[in-house]
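**Student:** If you read the protein sequences in the order shown, they are chains A and B. According to this note's numbering, the first sequence holds residues 8 to 322 in order. According to this note's numbering, the second sequence holds residues 5 to 146 in order.
Possibly wrong hints are sitting among the right ones.
Taking lysine to aspartate or glutamate pairs in the EDC-like style, the calculated list, with each CA pair at most 16 Å apart, reads [stated by the list, open to error]:
hint	chain 1	residue 1	chain 2	residue 2
1	B	Lys36	B	Glu110
2	B	Lys122	B	Glu24
3	A	Lys189	B	Glu68
4	A	Lys299	A	Glu16
5	A	Lys195	A	Asp246
6	B	Lys107	B	Glu24
7	A	Lys183	B	Glu63
8	A	Lys183	B	Glu68
9	B	Lys122	B	Glu9
10	A	Lys189	B	Glu63
11	B	Lys124	B	Glu9
12	A	Lys54	A	Glu26
The hints are simulated quantities; they were obtained by calculation from the structure and are not laboratory data.
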Amino acid sequence: MMGLLVFKERLKEFYARFEIYITPVIKFLFSLLAFSLMNKNIGFMTKLTEPYIPLVLALVCSFLPYGAISFLAAGFMLAHLSGISLEITLVMAVFIVVVGLLYYGFQPGDSYLLVLTPVFFLLKIPYAIPLIVGLSGSVISVIPVSCGVFIYYTLLYVKQNAGVLTNDMSVDQVVKFMQLMKVLLSNKLMLVMVTAFALSLVVVAVTRSLSMDYSWIIAIVAGSIAQLGVIFVGDIVADVSVSVILLLVGILFSIVIAGIYTFFVFAVDYSRTEYVQFEDDDYYYYVKAVPKLTVSAPDVKVQKINARKLQRPQR
Amino acid sequence: MLSEEKIKIMTSLAMFEKHEGKRIFPINRYFKSDYISSKLFRSFFSYTLSFVLCLVLWELYGMEQWLTTMELKGLTAAGMRIGLIYLIGLIIYLGISAVVYMKRYEYASRGTKVYLAKLKRLDKRYEGNTRPLKRPKGGRTS
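One chain only, chain A, in its complex shape:
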């Protein structure tokens, strides 16, 4: 534990010192991951699948704000989709424009969640998203997370049905469009996942702000249980098939990730909690003060003092 705390202090120091370089590197890695995963999974526009294109785009993105990165990623996704079917491109474009107008008109500053949620799905750890977002953000982030889930399942559908959707004139466009809408709107797995994520996020966000000991840990566990519950209920009621082993492994892994996040963001020592009570003219105050766990990183410098041989010029 001590070693970990020292490590955390070191990391903090490192970040404070090199922040100006670390932030662009993180943005670069984030966008590189997003663009290359898109190329790998929905690379229908062959011109964009060259390996250097994600690299160049990610380099550009490392100097852009997250809003612009999400915008660029959306454009990249639409370009790929237009390579397979105009109908799905239209649906996605309308979806993104509507979300952009209605939600991002408020400038909430969490647009990276729209990209991060599908990325975490592809990395097989989607269940970590509601836990971490619930711990770090506000309840409002339910909206971008749910939209991210929708985007992922739409792209998954496109990937699995690429053959049916291709731009040929064999099927009437209107018919194809109607089929597409029907499939997208009645995708039960997606609905179950959206419900599970939204509920879990709300549970985590509410629980962690409660005034009880170990509220963050309890929030993580409660959020995971909420996810599992919704998915199992969905499995039974809506007849959605989810691989139980993958689900459990994913949830366990997500709990571990959320635990690591908690350690780095919210390390407090509940054993030294102080309760104080005082009053002023208007109120009584019942204050609970929990001290943070901090250690100072040992600053050890080894100086070697060797007897230096003085070489005096011989006369």
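Got chain A; can you put chain B on it based on the hints?
**Tutor:** Showing chain B alone in chain A's frame:
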């Protein structure tokens, strides 16, 4: 000579500006009603545009049904229903925007107060250092 106290205040001012500036200065130029109504105006347009886009998608989806049951009565009923949905959605969305922007304005006006207080503290440090104002020679003239 460097005044450490002044440097501290100026640093905290600069930090405050950096962190909170974006959420305060674009807003406190307006009166509350002007700010909120301008934002509501924008919200109205974005909602309307989104609604129209969704409507287009929906029309395309139900195209076949539209073409088979093309009659005036059905169309007017559908139009009424769409109008009603639009109005209800508009009211809800504008309500949410009004609440959000009202809160933002209040946050900004509180921030402005803090900023002004900090500026005043800095200003006082300057007063202590400057020489007293020159009085006109010869005392009172009136």
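**Student:** Would you mind marking each hint as holding or not holding in the structure?
**Tutor:** Against the structure, the hints come out as follows:
For the suggested pair lysine 36/B and glutamate 110/B, the alpha carbons sit about 9 Å apart, so the restraint of at most 16 Å is met. The hinted pair formed by lysine 122/B and glutamate 24/B meets the criterion: a straight-line CA distance of about 13 Å does not exceed 16 Å. Of the pairs offered as hints, the one joining lysine 189/A and glutamate 68/B holds, with about 13 Å between alpha carbons and a cut-off of 16 Å not exceeded. As the CA atoms of lysine 299/A and glutamate 16/A are separated by approximately 13 Å, the hinted pair is consistent with the 16 Å bound.
Restraint check for lysine 195/A and aspartate 246/A: satisfied, since their Cα atoms lie roughly 8 Å apart, inside the 16 Å limit. For the hint linking lysine 107/B to glutamate 24/B, the alpha-carbon distance of about 15 Å falls within 16 Å, and the restraint holds. Only pairs whose Cα atoms come within 16 Å are accepted, and lysine 183/A paired with glutamate 63/B is accepted, the gap being roughly 14 Å. Of the pairs offered as hints, the one joining lysine 183/A and glutamate 68/B holds, with about 12 Å between alpha carbons and a cut-off of 16 Å not exceeded.
Note on lysine 122/B and glutamate 9/B: the hinted pairing holds, with a Cα-Cα distance of about 12 Å set against a maximum of 16 Å. The suggested pairing of lysine 189/A with glutamate 63/B holds, with an alpha-carbon distance near 13 Å, which does not exceed 16 Å. Under the criterion of a C-alpha separation no larger than 16 Å, the hint pairing lysine 124/B with glutamate 9/B is consistent with the structure, at around 14 Å. Between lysine 54/A and glutamate 26/A the CA atoms are separated by roughly 35 Å; this puts the pair beyond 16 Å, and the hint is violated.
Comparing the model with each earlier hint shows a violation of hint 12 alone; every other hint is respected.
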